[in-house]
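Colleague: Going down the list, the protein sequences come from chains Z and V.
Here numbering that gives the first Met the number 0 is used: position 51 in the first sequence is 50, and no number is missing along the way.
Here numbering that gives the first Met the number 0 is used: position 110 in the second sequence is 109, and no number is missing along the way.
Just so you know, not all the hints are guaranteed correct.
Said to hold, decoys possible - Which stretches of chain V does chain Z cover? Using the computed rule of at least three CB atoms under 8 Å from a CB of chain Z, they are:
hint	stretch
1	202-211
2	214-222
Claimed, not checked - Keeping only pairs whose Cα atoms sit at most 30 Å apart, straight-line, the calculated BS3-like set for lysine-lysine is:
hint	chain 1	residue 1	chain 2	residue 2
3	V	K105	V	K185
4	V	K123	V	K14
5	V	K125	Z	K182
6	V	K105	V	K14
7	V	K14	Z	K200
8	V	K125	V	K14
9	V	K105	V	K125
10	Z	K7	V	K14
11	V	K123	V	K185
No lab work stands behind these hints, which were simulated from the structure alone.
The beta-carbon is built from N, C-alpha and C at its ideal position, and this holds for glycine as well.
For reference, the chains in residue letters:
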Amino acid sequence: MEFDIRYKPAHTLAVCNLNPNEMVRAEAGAMVSMTRNIQVEAAARNKDEGMGKRLLKGLKRMALGGESFFTNTYTATTQPGHVTFAPSLTGDMIVHDCQGEQLIIQGSSYVAAPDSITIDTQFQGMKGFFSGESMFFLTATGYGPVLLNAFGAIETLDLNGEMIVDTGHLVAFTAGINYSVIKASGGWISSFLSGEGLVLKMQGQGRVYVQSRNPSEYGATVGAMLPPRSN
Amino acid sequence: MQHQIEFGPSFAWLKVQLAPNEMIQAESGSMVRHTVGLQMDTRLNAGRKAGFFAKIKAFFVAILRKFLGGETAFVNDFHGPQGGEVVFAPSVSGSIMHQQLDGNRKLYIQSSAYMASTGDVDTKLKFGGLKSMLGGEGLVLQVCSGTGDVFINSYGGITAVPVNGTFVVDTGHIVAFEESLNFKLKGVSGGLKSFFLSGEGLVCEFSGQGTVWIQSRNLSALVGWLTPHLRP
Chain Z
0 MEFDIRYKPA HTLAVCNLNP NEMVRAEAGA MVSMTRNIQV EAAARNKDEG
50 MGKRLLKGLK RMALGGESFF TNTYTATTQP GHVTFAPSLT GDMIVHDCQG
100 EQLIIQGSSY VAAPDSITID TQFQGMKGFF SGESMFFLTA TGYGPVLLNA
150 FGAIETLDLN GEMIVDTGHL VAFTAGINYS VIKASGGWIS SFLSGEGLVL
200 KMQGQGRVYV QSRNPSEYGA TVGAMLPPRS N
Chain V
0 MQHQIEFGPS FAWLKVQLAP NEMIQAESGS MVRHTVGLQM DTRLNAGRKA
50 GFFAKIKAFF VAILRKFLGG ETAFVNDFHG PQGGEVVFAP SVSGSIMHQQ
100 LDGNRKLYIQ SSAYMASTGD VDTKLKFGGL KSMLGGEGLV LQVCSGTGDV
150 FINSYGGITA VPVNGTFVVD TGHIVAFEES LNFKLKGVSG GLKSFFLSGE
200 GLVCEFSGQG TVWIQSRNLS ALVGWLTPHL RP
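The following block holds chain Z by itself, in its conformation from the complex:
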């Protein structure tokens, strides 16, 4: 299986080429097109999980991880085939090759992965509450490619040390990196007036994916021009 990413970075389309009997699992709504010989199983069960556990995991993912409740599996039958995926917002997509280490993904950035990757949610604790992201991140563990999407273009940063990243610009990072939530500048008032508020201090060694646009900033800019909601 391999992902072929096209039309970067604005209206990116990911083509997933599957060999016979290969399978990719993707979040619901991501599929754009596929060849005739792809078999789709909606809300497919994860290999060894029973109904109850699957339901719980799905709920956890939806309520907490910002992902949809359902995942679909796409399997090529006797012939090779392909499925194309696209996210709902304009932006870039990238494939992270997992080699056993864990990849921590911010909310809505996960698109697809084969079953050799286990997707779960991770509670971020109180710092998640302040980070401006969701309180739960998704974790991807295993061996294989993970398809991520972002709002804006994606920058791949190999970090060895520290970096301050604005909340809302973080896509994903590998487990060797820790983050803490800090004020953007010295005082509380200046942090608020600066427009940055709280920022994330990333520390450690590993890879960080950063997106070149901030969904909340975009929402605030366009939202300010929209007519008020009449309640």
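Take the given structure of chain Z and dock chain V to it, following the hints.
Modeller: Same frame as chain Z, but now just chain V:
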């Protein structure tokens, strides 16, 4: 200082490497990431040599701008004793361009298009005529003068048009223009009827000699498209 504009023309961002104690001023909220050695100071966007009354005036103008154009009153200065790297991004999709000011020419920049500047580049607010405030179409401009770099962002791609004579641009598509050009705001063929019926709103007629930078998308058009889709 070195700079790179990456991921253009759709999702461009500005990467800057600052030397020790070198400073860049950027509009609030635009920072994406920066190295730990840099510090950020926030101040009122009042122009560098502003006295007390100029600051008060700037404060009220900023409040006004916030209601009319969603602009913010504050800017952030980034600098550090060892220098470092800082990355800025605008809020909407589009491009970024760099202009060098050498003290001899001034640039008029659409208020939401100003992103960052260095050196002693000073920015002052100018309204494109009070009547242009009607229907939120008006032109709120930042006049940039001094010596240094100016970084300008757009909604969509940017193209430079050299004007020699007259040239008409829809106000929502103006990014920036040189001071040497005269500009006049009007309805697309004059008169109130064309203002309401043409769907074009206000246009800006440029005359003289100079460059106009225009953007390939119009934010009010996006808003107009989104509005009927909103849930009541």
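Colleague: Which earlier hints turn out false for this structure, listed by number in ascending order?
Modeller: 1 and 5
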